[in-house]
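Colleague: Sequence lines, in order, name chains S and P.
Going by our numbering, the final residue of the first sequence carries number 311, and the count climbs one at a time with no gaps.
Going by our numbering, the final residue of the second sequence carries number 397, and the count climbs one at a time with no gaps.
Among the clues, some could well be false.
To be verified - DSS-like cross-link-like pairs, simulated, lysine-lysine; straight-line CA separation at most 30 Å:
no.: 1; chain 1: S; residue 1: 102; chain 2: P; residue 2: 223
no.: 2; chain 1: S; residue 1: 285; chain 2: P; residue 2: 278
no.: 3; chain 1: S; residue 1: 149; chain 2: S; residue 2: 285
no.: 4; chain 1: P; residue 1: 135; chain 2: P; residue 2: 25
no.: 5; chain 1: S; residue 1: 285; chain 2: P; residue 2: 135
no.: 6; chain 1: P; residue 1: 135; chain 2: S; residue 2: 102
no.: 7; chain 1: S; residue 1: 116; chain 2: P; residue 2: 135
no.: 8; chain 1: P; residue 1: 234; chain 2: S; residue 2: 242
no.: 9; chain 1: S; residue 1: 93; chain 2: P; residue 2: 135
Hints listed in this document are in silico derivations from the structure and should not be mistaken for laboratory results.
This is what each chain is made of:
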Amino acid sequence: MLRKIGFASAMSVITLSSIWSASASAEPMKVVASFSIIGDFAQNVGGDRIELTTLVGSDGDAHVYEPSPADAVSMSKANVVLVNGLNFEGFLKRLVEASATKASVVELTKGIEPLKMQEDEHGHGEASGHGHDHGEFDPHAFQSISNAKVYVKNIADAFCAADAAGCDTYKANAEAYTAKLDAEDAEVKAAVASIPEEKRTIITSHDAFGYFEHAYGLTFLAPEGISTEAEASAADVAALIKQVRDDKASAIFVENITNPRLVEQIAGETGIKVGGTLYSDALSKADGPASTYIDMMKNNISTIKAAISGS
Amino acid sequence: MKHLLSAASALSILAAASLAHAEEKTAWRLFVSDQAASVVHAIDAQTGERLASFDTKAPASLYRSDSGRTVFAVQGKGDTVAVISSGIAFGDHGDHGDISVEAPRLLDVSFDGKKPSHVVDHGGDIALFFDGEGKVRIVDEANVLEGKPAIREVATAAPHHGVAIAMGDHVLATEPNFEKPDELPVGITVTDRSGAKVGDINTCPDLHGEASSGNLIAIACAKGLLIAREQAGKPAIDFLPYDATLPAGKSTTLVGGRGLQYFLGNYGPSAVVLIDPKAKEAFRLIDLPTRRVHFVVDPIRAKYAYVFTEDGNLQRIDVVAGKIDAALKLTEPYSMDGHWSEPRPRIAVAGDRIIVSDPLRSVLHTVDASTFERTADIAVEGKPFNLVAVGGSGETH
Ligand SMILES: [Zn+2]
């Protein structure tokens with residue numbers, strides 16, 4: 001009897017896996033994406049072969065996100081978990097532990113050239129007590145479109161590894177989407193080229209645009225650090241205001257994920273008008289101007305251009 | 001990306017850090033009050049060695065701050081709150097912080113007032129509620145460590161058994177029941193720095209029980225919970241009603257998850273309820289084998305919480321699965337009959353160990369948190385009752 005049960009369950013495993021690999025009507029692959037931008041990439045690559053759960057949704061801040069037990073349940077049931085890596089998701093380690101997930105956790109920044117954090121004003125031995133260890137690198141790699149293409153390739157590879165039967169589909173989807181990314185990349189470059197060089201310094205709330213700066217040649221200054229978790233000190237804000245007054249910045253923006261108060265204060269003290277909202281670490285809601293990654297890049301560059309040409 | 005400080009100085013900081021010889025150190029301390037005597041003991045959780053004993057005016061309930069640098073000894077019958085420096089502090093490097101370890105000491109500052117009850121820490125602003133006056137004293141942990149007095153006071157309309165939470169520039173405090181001040185509060189009132197009321201009262205009859213988890217605060221009411229969070233510099237408060245599928249009951253004690261965002265509340269005498277305010281099904285009821293004595297969350301292994309039941313068992317709850325997944329017999333039965341302040345076990349988690357006080361046997365039981373097996377007992381004179389644990393690992397330079 002025992003042997004028979006064992007045999008039966010072994011059979012059912014074989015049956016399940018053969019359905020999984022052979023049939024197009026198989027259960028969709030369960031994919032968990034850590035935040036909205038990765039979720040958009042995953043949907044573009046996975047199409048209807050995947051069932052997507054995005055942990056940190058639109059306008060959500062992954063730096064300070066608090067995962068719930070329901071997130072741990074999603075994670076435990078996932079076939080593939082897609083994350084940014086480079087310490088972007090502060091919650092990741094505890095969530096992986098709590099969920100005991102057996103899925104492969106794929107860091108999509110693998111293969112990009114990470115930018116070193118140049119600066120750490122809340123560094124070692126500071127009395128402020130607000131510093132945190134965010135690792136050596138700036139995690140916001142998705143702010144350059146050539147990096148986004150690496151994310152997309154990594155996603156296709158991860159999906160192929162988990163669902164070989166769908167691999168051709170994933171590769172074709174990735175290729176089509178990459179072509180759209182290339183077109184958007186050219187658009188951003190052209191837009192930046194049309195901005196006079198001496199006007200290419202702008203201010204945002206937190207340090208999320210390092211890769212954008214590196215790829216496209218704008219300079220971003222921010223009162224808050226790489227993570228929104230570390231608050232700006234009064235001295236940081238004073239130094240930034242001085243820099244703006246010295247006429248080094250031509251526009252100032254709020255971000256969808258951070259409290260606008262600090263940016264509004266700097267705007268008020270320097271007389272520069274807030275030029276709109278940039279989407280840094282999260283997409284907008286579906287009815288907003290940045291509900292997909294490509295729309296986010298379009299929205300950000302046109303917002304920047306409009307504010308600078310109006311200044 | 002130029003974030004105001006030069007790359008050169010950042011490089012020199014990195015170089016200095018890598019040259020320094022760092023040593024990893026772990027320290028955990030238990031602070032244990034007695035059920036009948038006016039004393040708090042400080043014990044090394046790893047060796048069981050008693051480090052110090054502090055006399056208080058009356059038997060104390062203990063609250064540790066979020067940072068673990070201070071332990072508040074609330075003496076309801078002594079009309080005072082004493083503060084102990086735990087002696088363990090962490091530098092500012094997140095998980096891999098620096099640790100500094102000194103002797104624990106009673107601080108040269110106390111907060112006097114009639115019948116202190118609840119202590120709530122929110123980001124280092126600690127609100128002490130004095131039932132006998134209906135007053136809140138808000139203290140800043142960093143100031144308290146330097147022996148400085150309360151930074152501000154907020155008065156409610158009348159003496160009552162209440163609670164308050166400091167939230168940035170605002171204070172959330174209970175609104176007493178005017179007709180029957182002996183009964184539980186009827187809501188939450190928000191005041192700003194100037195003491196002016198902000199918005200209407202947030203109705204919450206039979207208010208008792210409060211906890212925070214991440215950026216959320218939950219407050220238990222007769223028919224559900226108030227969920228408060230800071231939004232654009234102001235408190236935003238929503239009501240989360242109990243699910244209609246729950247049996248009749250309510251929470252009167254809440255604890256907040258660490259690492260995962262959820263709340264655990266009592267619900268009737270023999271159950272607890274897992275509350276996930278963001279989920280569609282926000283409430284999951286977990287029945288217990290007998291009546292409940294005490295419950296805590298595991299601040300290190302986010303997946304677990306523990307409930308001590310009157311049959312002498314420590315029950316381990318898997319908060320992801322929403323069920324009890326292990327039980328361990330630790331003590332003789334402790335009946336819940338009789339007064340709430342009878343000597344009964346309490347639980348604390350100290351690193352890799354779960355500690356359970358056994359006041360009638362004068363010991364602290366210790367349990368290995370990874371294997372969920374008993375390890376050595378720690379003997380403590382008298383009736384060890386309330387306990388808190390502080391500590392962690394870090395580097396010493
Ligand atoms: Zn960011």
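Colleague: All the hints need checking, so say for each whether the structure fits it.
Modeller: Hint check:
1. Restraint check for residue 102 of chain S and residue 223 of chain P: the C-alpha separation of about 39 Å exceeds 30 Å, so the hint is violated.
2. At roughly 17 Å between alpha-carbon atoms, residue 285 of chain S and residue 278 of chain P fall within 30 Å of each other, so this suggested pair holds.
3. Simply put, residue 149 of chain S and residue 285 of chain S have alpha-carbon atoms about 23 Å apart, close enough for the 30 Å limit, and the pair holds.
4. A hinted pair counts as satisfied when its Cα atoms are at most 30 Å apart, and residue 135 of chain P with residue 25 of chain P does not qualify at roughly 41 Å.
5. A hinted pair counts as satisfied when its Cα atoms are at most 30 Å apart, and residue 285 of chain S with residue 135 of chain P does not qualify at roughly 43 Å.
6. The straight-line distance between the Cα atoms of residue 135 of chain P and residue 102 of chain S is roughly 51 Å, outside the 30 Å bound, and the hint therefore fails.
7. At most 30 Å may separate the alpha-carbon atoms for a hinted pair to count; residue 116 of chain S and residue 135 of chain P exceed this at roughly 50 Å.
8. In summary, the hint linking residue 234 of chain P to residue 242 of chain S is supported, as the alpha carbons are separated by about 29 Å, within the 30 Å threshold.
9. Between residue 93 of chain S and residue 135 of chain P, the direct Cα distance comes to roughly 41 Å. Violation of the 30 Å bound is thereby established for this hinted pair.
When the structure is compared with the earlier hints, violations turn up for hints 1, 4, 5, 6, 7, 9 and for no others.
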